[in-house]
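This is what each chain is made of:
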Amino acid sequence: MRYMRIFLWGCTVTLLATSLGWAQNHNPVVEAHVVVATDAVHANSPLKLAVLAQVAAGYHINDHKPTLDYLIPTELKVEHSDQFVVKSVVYPKGTSKKFEFSDVPLSVYEGPVVVGAVLQAGKEMPAGTYTLKAKFAYQACNDHACLPPTNVPLAVSIRIVPPNVPLKPVEPDVFRRIKFE
Amino acid sequence: MEEQTPIDNTPEESKAPESSPSESPPAPKSKILVGALLAMVLVVGLYYVNRYWIEPAVRAQTKGDGSHPVAPPFSLTDITGQPLNLSDYKGKVVVLDFWATWCGPCRIEIPGFIELQKRYASQGFTMIGISMDDSPEPVVDFTKELQMNYPVAVGNDRLGELYGGMPGLPTTFVIGRDGRIYAKHVGATDASVFETEIKELLAASPADEATDFHRAGQVFAEDKVELGDPATIDSEVPGIDLTKLTADQKEAFKKLLAGQQCTCGCKFTLLKCRQVDRNCSTSKKLAKDQMDAFLKVNSTGVATK
Chain F
3 MRYMRIFLWG
13 CTVTLLATSL
23 GWAQNHNPVV
33 EAHVVVATDA
43 VHANSPLKLA
53 VLAQVAAGYH
63 INDHKPTLDY
73 LIPTELKVEH
83 SDQFVVKSVV
93 YPKGTSKKFE
103 FSDVPLSVYE
113 GPVVVGAVLQ
123 AGKEMPAGTY
133 TLKAKFAYQA
143 CNDHACLPPT
153 NVPLAVSIRI
163 VPPNVPLKPV
173 EPDVFRRIKF
183 E
Chain L
11 MEEQTPIDNT
21 PEESKAPESS
31 PSESPPAPKS
41 KILVGALLAM
51 VLVVGLYYVN
61 RYWIEPAVRA
71 QTKGDGSHPV
81 APPFSLTDIT
91 GQPLNLSDYK
101 GKVVVLDFWA
111 TWCGPCRIEI
121 PGFIELQKRY
131 ASQGFTMIGI
141 SMDDSPEPVV
151 DFTKELQMNY
161 PVAVGNDRLG
171 ELYGGMPGLP
181 TTFVIGRDGR
191 IYAKHVGATD
201 ASVFETEIKE
211 LLAASPADEA
221 TDFHRAGQVF
231 AEDKVELGDP
241 ATIDSEVPGI
251 DLTKLTADQK
261 EAFKKLLAGQ
271 QCTCGCKFTL
281 LKCRQVDRNC
291 STSKKLAKDQ
301 MDAFLKVNST
311 GVATK
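Listed in order, the protein sequences are those of chains F and L.
All the letters of the first sequence, read from the start, carry residue numbers 3 to 183 under my numbering.
All the letters of the second sequence, read from the start, carry residue numbers 11 to 315 under my numbering.
Wrong hints could be hidden among the right ones.
To spell it out: a stretch of chain F is covered by chain L in this simulated footprint if at least three of its residues, at any positions, have a beta carbon under 8 Å from a beta carbon of chain L; those stretches are [unchecked claim]:
{"hint": "1", "stretch": "72 to 83"}
{"hint": "2", "stretch": "93 to 103"}
{"hint": "3", "stretch": "135 to 143"}
{"hint": "4", "stretch": "162 to 169"}
In silico DSSO-like pairs for lysine-lysine, Cα to Cα no more than 30 Å straight-line [claimed, not checked]:
{"hint": "5", "chain 1": "L", "residue 1": "298", "chain 2": "F", "residue 2": "135"}
{"hint": "6", "chain 1": "F", "residue 1": "99", "chain 2": "L", "residue 2": "39"}
{"hint": "7", "chain 1": "L", "residue 1": "277", "chain 2": "F", "residue 2": "89"}
{"hint": "8", "chain 1": "L", "residue 1": "234", "chain 2": "F", "residue 2": "137"}
{"hint": "9", "chain 1": "L", "residue 1": "234", "chain 2": "L", "residue 2": "264"}
{"hint": "10", "chain 1": "F", "residue 1": "135", "chain 2": "L", "residue 2": "282"}
{"hint": "11", "chain 1": "L", "residue 1": "102", "chain 2": "F", "residue 2": "135"}
{"hint": "12", "chain 1": "L", "residue 1": "277", "chain 2": "F", "residue 2": "125"}
{"hint": "13", "chain 1": "F", "residue 1": "79", "chain 2": "F", "residue 2": "170"}
{"hint": "14", "chain 1": "L", "residue 1": "277", "chain 2": "F", "residue 2": "79"}
{"hint": "15", "chain 1": "L", "residue 1": "154", "chain 2": "F", "residue 2": "67"}
{"hint": "16", "chain 1": "F", "residue 1": "135", "chain 2": "F", "residue 2": "89"}
{"hint": "17", "chain 1": "F", "residue 1": "100", "chain 2": "L", "residue 2": "154"}
{"hint": "18", "chain 1": "L", "residue 1": "295", "chain 2": "F", "residue 2": "79"}
{"hint": "19", "chain 1": "L", "residue 1": "209", "chain 2": "F", "residue 2": "135"}
{"hint": "20", "chain 1": "L", "residue 1": "306", "chain 2": "F", "residue 2": "135"}
{"hint": "21", "chain 1": "F", "residue 1": "137", "chain 2": "L", "residue 2": "264"}
{"hint": "22", "chain 1": "F", "residue 1": "137", "chain 2": "L", "residue 2": "209"}
{"hint": "23", "chain 1": "L", "residue 1": "209", "chain 2": "L", "residue 2": "128"}
{"hint": "24", "chain 1": "L", "residue 1": "277", "chain 2": "F", "residue 2": "137"}
{"hint": "25", "chain 1": "L", "residue 1": "282", "chain 2": "F", "residue 2": "79"}
{"hint": "26", "chain 1": "F", "residue 1": "137", "chain 2": "L", "residue 2": "295"}
{"hint": "27", "chain 1": "L", "residue 1": "277", "chain 2": "F", "residue 2": "135"}
Derived from the structure by calculation, the hints contain no laboratory data.
A virtual CB, placed ideally from N, CA and C, is assigned to each residue, including glycine.
Extracted from the complex, chain F is given alone in its bound form:
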């Protein structure tokens, strides 16, 4: 009876692993979304946001400053708008890794990737909700093959409130880890 239980457990684990592997093959290599550091923003003030990306297991994307000239860098491209002006973008430090296809170790991002940005909200912005659009541009490879350069479209709603309304922090742990200057 006990062996049967162990055997059934083994089968369950195997089935789960197989289905997870299948799911991985059919999901996008990179998923990303945006988080703003506060629940609302004041006009004429800086605001911080973070792009939280997840690179699928087995794949990597290039560092923002790639090791070799020919590699396509990872980039956060914020759509130009009159409401929000990009002041700076902070990319994480890549991990140095050796691949079969390269003689030298390459600086890459794997797993979770957090890109931060500081923007300035416009001076005369009336209270209300605005949509900020951006793209997370990357080019992914595994050890044997590469996928074409891709953009993940991003959009986030930003609520502008009067200056007397206090702002509440959102996901402070995420923003604490980003090295904003």
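Got chain F sorted already, so can you dock chain L onto it with the hints?
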């Protein structure tokens, strides 16, 4: 010095009392038995999976059974300005390499291809490189840097789709003297694999299909040759076969897509998104769903007439 206590994972019920050394503890034995049983099940399982599933699939693909499709013809201009038509190489063995300068695994294959071109060009073989870069500049620089000795052209999405889409680069096709595709290799592949296949195809007759061709190297699921359908590739709504529709239905379907917003974030209508970004999987799926619904409604209408 304090000694570290070993972790005992043995289940309580199988633990033997320490005071009875004559009885051997059954716990390790049971674990070995379970392990052996699981290993046996795994081995037997793998054997049957291989015998009834993987092997027949591989055999169907690697052995000639009339299943080697004819390579889609194309006409491009190579990076030196010369015309590059696949039909000009009829009667030769061709290795057609889809690659890009930004792709590390693609770059590492190139010296091997240069060597193959040196060795076999005089025997009726040619390499052809189709770069999937956006512009020719980096390609020209790279071909000069590596002194590539075979024709290279910048390809396009349509050509990639005709060859079944590019799940990843490099994707390389081995084409026989008869113009059929005998193998597809996705990902960096050792030059020796191509060499084996080239030799076999050079020995085959240009008039007949090489029915006894055997693929070299490892075979992966994505190596299956599945060509694109020109009816969907060259459609007015790329990716959607409109050939089943009448002229009026075609217009009505395009109007339907033009009235809907694509949800991929492109800000275009579904029709426009399909036309400007044929790689957009969101608009492709939405348009396909619309076509299924459209055909259902229209075929019902035809049937009741």
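Q: Tell me, in ascending order, the numbers of any earlier hints that this structure violates.
A: Hints 4, 6, 8, 9, 11, 19, 20, 22 are the ones this structure does not satisfy, whereas the remaining hints hold.
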